[in-house]
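With the hints as extra help, turn the sequences into a complete structure.
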Amino acid sequence: MAFVGIDSVVFGAPDTKLACKMFSDWGLNKLRAGRAGAVLETAIGSQVVVRPEDSPHLPPKMSGGSNFRELVWGVSSRKHLDAIAHELARDRDVCADQDGTIHAVDDCGINIGFRVWARKTEQQSRGTPFNSPGHRARVDAIATAYERAHPNRMGHIAFFVPDVKAGEKFYRRLGFWLSDRYAGGAAVFLRNAAKSDHHNIFLLKSRSGTTDLHHIAFEVHDVHEVFGGGLHFTKSGWATAVGPGRHPISSAYFWYFRNPLGGMIEYFCDPDFVTSKWKPTNYRVNRFSEWHLADGISRSMTGTSGRHWRRRRREASAPRSLGGAAHVLVELGEEILGEFLRHAVDEA
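Heads up: the sequence shown begins at 23 in our numbering, then just goes up one per residue.
Among the hints, erroneous ones may be present.
Keeping only pairs whose Cα atoms sit at most 27 Å apart, straight-line, the calculated DSS-like set for lysine-lysine is [stated by the list, open to error]: (1) Lys83 x Lys187; (2) Lys217 x Lys191; (3) Lys83 x Lys52; (4) Lys83 x Lys39; (5) Lys83 x Lys257; (6) Lys191 x Lys101; (7) Lys191 x Lys257; (8) Lys217 x Lys83; (9) Lys142 x Lys217; (10) Lys39 x Lys187; (11) Lys43 x Lys83; (12) Lys187 x Lys299; (13) Lys257 x Lys43; (14) Lys191 x Lys301; (15) Lys52 x Lys142; (16) Lys301 x Lys217; (17) Lys142 x Lys43; (18) Lys257 x Lys52; (19) Lys187 x Lys301; (20) Lys217 x Lys187; (21) Lys39 x Lys52; (22) Lys257 x Lys101; (23) Lys142 x Lys101.
Since the hints were made in silico from the structure, they are not lab data.
Structure representation (structure tokens):
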């Protein structure tokens with residue numbers, strides 16, 4: 023069952039225009055927008071779909087109550103899609119759209135879909151030249167500075183789930199690979215192929231016993247684009263959840279922002295790439311960050327006064343509202359993640 027990556031994610035929204043603006047500010051390209059909702063895409067074409075929250079075409083909410091509705095995986099061929107449908111139909115309902123996309127619910131209560139991948143697999147890039155002692159890759163040129171981000175793809179997604187071990191068993195049954203775990207069933211990192219980024223799905227034990235979105239991670243070219251994207255998104259009025267910083271597990275740089283539709287959205291870059299030779303680790307202490315800032319940064323060298331930026335940060339301290347029914351998870355960022363993992367590991 024050859025998986026390619028995250029094809030699309032689906033949200034409901036009380037205000038689709040504002041949701042569309044948020045993802046446009048994030049750096050996604052708007053394909054279409056109207057009364058029926060909006061579709062925005064990354065550089066390779068993976069999509070964020072937003073529909074009115076009362077749309078009959080939306081899957082139901084998960085038990086956590088946010089407006090995240092479905093995760094759709096891309097697979098390499100119709101043969102693999104049929105194999106997934108056959109495997110899922112052994113113990114759950116599976117339905118299919120006219121275009122062949124299949125839909126089901128996983129063992130954690132996450133609405134999932136699968137379709138044949140019809141997008142680019144990677145955006146062509148020569149990579150970012152960095153200078154280091156004894157190695158000068160950037161010569162007679164200044165480093166790139168980004169005014170905003172243009173995400174390449176959705177690299178991974180994370181959920182709060184009531185039973186991490188059940189979730190791991192389900193996805194490994196479909197052919198996902200174990201990358202790393204936290205002890206005591208606190209969390210698990212899984213990837214959708216032997217050769218892949220460190221993880222494509224991260225399952226984290228829910229304190230409330232419900233299932234909900236934790237975050238969706240969008241890959242950008244380098245740490246400079248993480249900063250440029252985060253600065254632009256902050257200036258556009260959206261609130262940091264945690265970051266920027268760097269994860270010791272996966273090695274990626276990050277910057278998380280609150281997503282009023284549910285959970286968080288993350289810019290990330292430079293993740294570990296692993297193969298079948300990778301040896302999973304069972305971590306017993308929280309390793310959320312090597313370092314991070316608690317609530318973002320601002321453009322301090324543009325001639326803008328500190329007083330102005332302090333005011334802007336106060337204004338951004340509460341996320342923009344997407345309507346009275348908008349759900350913003352309380353369990354955000356390093357603080358809650360760290361507290362839970364320490365508690366779970368202590369009990370293991």
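Now the hints, each set against the structure:
Distance restraint check for Lys83 and Lys187: the Cα-Cα separation of roughly 22 Å lies within the 27 Å cut-off, and the hinted pair is therefore satisfied. About 20 Å separates the Cα atoms of Lys217 and Lys191, which keeps this hinted pair within 27 Å; it holds. Proposed proximity of Lys83 and Lys52 is supported: the alpha carbons are some 25 Å apart, at most 27 Å. For the hint linking Lys83 to Lys39, the alpha-carbon distance of about 20 Å falls within 27 Å, and the restraint holds.
Between Lys83 and Lys257, the direct Cα distance comes to roughly 31 Å. Violation of the 27 Å bound is thereby established for this hinted pair. Restraint check: the Cα-Cα separation between Lys191 and Lys101 comes to about 23 Å, which is no more than 27 Å; the hinted pair holds. About 42 Å separates the Cα atoms of Lys191 and Lys257, which puts this hinted pair outside 27 Å; it is violated. Our distance criterion of 27 Å between C-alpha atoms is broken by Lys217 and Lys83, whose separation comes to about 33 Å.
For a cut-off of 27 Å, the pair hint linking Lys142 to Lys217 stands: about 17 Å separates their Cα positions. For the given pair, Lys39 sits about 38 Å from Lys187 by alpha-carbon distance, which is inconsistent with the 27 Å threshold. Taken as a hint, the Lys43 and Lys83 pair is honoured in the structure, with Cα atoms around 22 Å apart against an allowance of 27 Å. Between Lys187 and Lys299 the CA atoms are separated by roughly 23 Å; this keeps the pair inside 27 Å, and the hint holds.
With a CA separation close to 13 Å, the supplied pair Lys257 and Lys43 stays within the 27 Å bound. Between Lys191 and Lys301 the CA atoms are separated by roughly 18 Å; this keeps the pair inside 27 Å, and the hint holds. Of the supplied pair hints, the one linking Lys52 and Lys142 holds, its CA atoms being roughly 17 Å apart against a limit of 27 Å. About 13 Å separates the Cα atoms of Lys301 and Lys217, which keeps this hinted pair within 27 Å; it holds.
Only pairs whose Cα atoms come within 27 Å are accepted, and Lys142 paired with Lys43 is accepted, the gap being roughly 25 Å. For the hint linking Lys257 to Lys52, the alpha-carbon distance of about 20 Å falls within 27 Å, and the restraint holds. The straight-line distance between the Cα atoms of Lys187 and Lys301 is roughly 19 Å, inside the 27 Å bound, and the hint therefore holds. Distance check on the hinted pair: Lys217 and Lys187 sit about 23 Å apart at the alpha-carbon level, within 27 Å; holds.
Annotation: proposed proximity of Lys39 to Lys52 holds, straight-line Cα distance about 12 Å (limit 27 Å). Restraint check for Lys257 and Lys101: the C-alpha separation of about 46 Å exceeds 27 Å, so the hint is violated. A distance of roughly 19 Å separates the Cα atoms of Lys142 and Lys101; the hinted pair therefore holds under the 27 Å criterion.
The structure fails to meet hints 5, 7, 8, 10, 22 from the earlier list, while all remaining hints are met.
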